[in-house]
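Colleague: Spelled out from the first residue to the last, the chains are:
Number of protein chains: 2
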Amino acid sequence: MKTLNKPVPPGGTIGIIGGGQLGRMLALAASRLGLRTCIYNDTPDAPAFQVTDQSVAAPYDDLAALTGFAESCDAVTFEFENLPAHAIAHLASSVWVAPGAQALAITQDRLSEKTFVETLGLKTAPFFEVSSAQQARDAFAKLNGRGILKTRRFGYDGKGQAKVSSADEAAKAFESFKGAPAILEGFVDFEYEASVVAARGGDGGFAAYDPPENEHENHILRRSTVPSRLGAAKAEEAKAIARRIGEALDYVGVFAVELFVAKDGALLVNEIAPRVHNTGHWTIEACACSQFEQHIRAVAGWPLGDPARHADAVMENIIGAEVDAWESLSKGGALHLYGKKEARLGRKMGHLTRLKPLTKA
Amino acid sequence: MKTLNKPVPPGGTIGIIGGGQLGRMLALAASRLGLRTCIYNDTPDAPAFQVTDQSVAAPYDDLAALTGFAESCDAVTFEFENLPAHAIAHLASSVWVAPGAQALAITQDRLSEKTFVETLGLKTAPFFEVSSAQQARDAFAKLNGRGILKTRRFGYDGKGQAKVSSADEAAKAFESFKGAPAILEGFVDFEYEASVVAARGGDGGFAAYDPPENEHENHILRRSTVPSRLGAAKAEEAKAIARRIGEALDYVGVFAVELFVAKDGALLVNEIAPRVHNTGHWTIEACACSQFEQHIRAVAGWPLGDPARHADAVMENIIGAEVDAWESLSKGGALHLYGKKEARLGRKMGHLTRLKPLTKA
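Protein chains in written order, with my numbering: chain A, 681 to 1041; chain B, 681 to 1041.
The shape of chain A in the complex, shown without the other chains:
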């Protein structure tokens, strides 16, 4: 596996796999630092293609295309976690790739991710492996009457998930997944959701942003607000959880830890996202160094930037046809639009961040 012996200098090229809004915002951040970018996407009309002069449109498992891509890059990273493992291994044989294959492998699979979190002594919802309808029934019996069946892989924005409140429902939900391996998680009656967006550098340095509080609608993030209701002590505890996870994964780059905050204040790890995260978009305006710049710095072997927040912030997603109101939205804060052509239902088209004076650090 290729390692990075010295930082990628200005003028060097960062390869980004995935050309959606996260790839686009990563590319914009890299450009600010004088780095060039090459975007790899499996369709030719990727939003991130618009913001660079180097791009590759090819399937994610096209090894020849990946080889050419790797040769044009000094370091490679991802905007999403679901690249096939053999494609990552292929890339990593010829170019520095961050985050690494191990971190991706663990976080690609909800079962291995939750097992890993449990191994670290961190709290999660109760969870059980489900590979058959009978296992779904048996697992449900161990819960307190409510659960969520989730496919182990490739879920996002609520896709591949079903709430279940009986053994029959659990079995039916499993069958609706058409044989995809799943896990059944106990339903957590949480007070609210929060997240920590954090970074680890190649030198083991760690930097965490203040945790926002997150609100979802129809399984899609609606709003992130910082500071959250956590308070200083719990916010530090949340950052320590992220640090623990980052170190155990020997992670390089930005990652997010989604947390349920229980009524008694306990922090339960819901999910680890091995990438920049929607709940960190407010860092573009409110922090000295945004999550996107931070990720590029880590991947390029640069010193991590300062995650300090100089303002309070509310970030709201602009979803589907909401983008039609772009002109009035542009009067209401820092507007980010992603360059997507079609405003399909549930599609993230942009976001709007409003800053407020800093109330606590």
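There may be inaccurate statements among the hints.
What the hints assert, rightly or not - The calculated DMTMM-like cross-link candidates involving lysine to aspartate or glutamate, where the alpha carbons are at most 25 Å apart (straight line), are:
hint : chain 1 : residue 1 : chain 2 : residue 2
1    : A       : K1011     : B       : D992
2    : A       : K1011     : A       : E965
3    : A       : K682      : B       : E1007
4    : A       : K1011     : B       : D930
Calculated directly from the structure, the hints in this document are not laboratory data.
For this one, chain A is given, so just place chain B on it according to the hints.
Modeller: Then chain B, alone, in the frame of chain A:
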């Protein structure tokens, strides 16, 4: 001349003539708003080419290339003021161009610019047209012993300027310009330099940033600091000067007014720059809407953004070989590098902005 009947919607293309760092930062700002960009530059290795998928490399007076460029754009603007007048007229016949030909014509020529400023009743250094060595001598006799002879066109960063302290020196300096029309300006013994970066929208809206104080070294901007020593009342006076100029030019877009602050506090207009300006780079981090976004908004017919400053700021240019220290610079603030290959003497390679808590609005 083409006008803009409705705002350029997200997905539309802003054409930017000039592919240096200003064009690059304009393109990055446009991308954030979901607009596409096409960069036109007279050499193929322009820094701004790296941050877009649409570019044209052709001479600035290549009318066929300009026609093709205009056809691919919904609005066109500039990163510099020295495009040939006939090229602007050609463009404006087929696409909305902002700022307009009149504003560019006046500000391209120091004599017409200073005459225009005087007509508005604003203060400037005394100035005289110089088209011959004898005129240089005669003009010098009207000054108080010191002056600066400047070519009327194409000067920047101190190029095409000579300090003179005798009639002989004035005549010799004129001859060194090899016949280029010039003006002789009286030397102003100013206390310090300041500038106003401001914007006018197509609807006549006006927005000015707080004026920074500017320090030069070897005729190149070293540092801009905001707030300046002006104080609130003088800062408002400076913004009012910019408003006066913007309205008289019927200007659309961002422009800068460079000011000398005399020992008695008088504000003298030194120069008008019909474009985003180096003394406004700090707005990227310190303001809700940066000068680059503001310019794109104005050119695209969007509502102007909020120029309010949420922090104090110091912006320092990174010049020539100073860029070699990029790794340590990256620890000191918000680093911007421009993607230029060669770090030539006196070349602006990037800038660094440090924010401090807001001390006054």
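Colleague: Work down the list of hints and note, for each, if the structure agrees.
Modeller: Right, here's what the structure says about each hint:
1. A/K1011 x B/D992: holds (23 Å)
2. A/K1011 x A/E965: holds (16 Å)
3. A/K682 x B/E1007: Holds, because 22 Å separates the two Cα atoms, which is no more than 25 Å.
4. A/K1011 x B/D930: This hinted pair holds, its Cα atoms lying about 23 Å apart.
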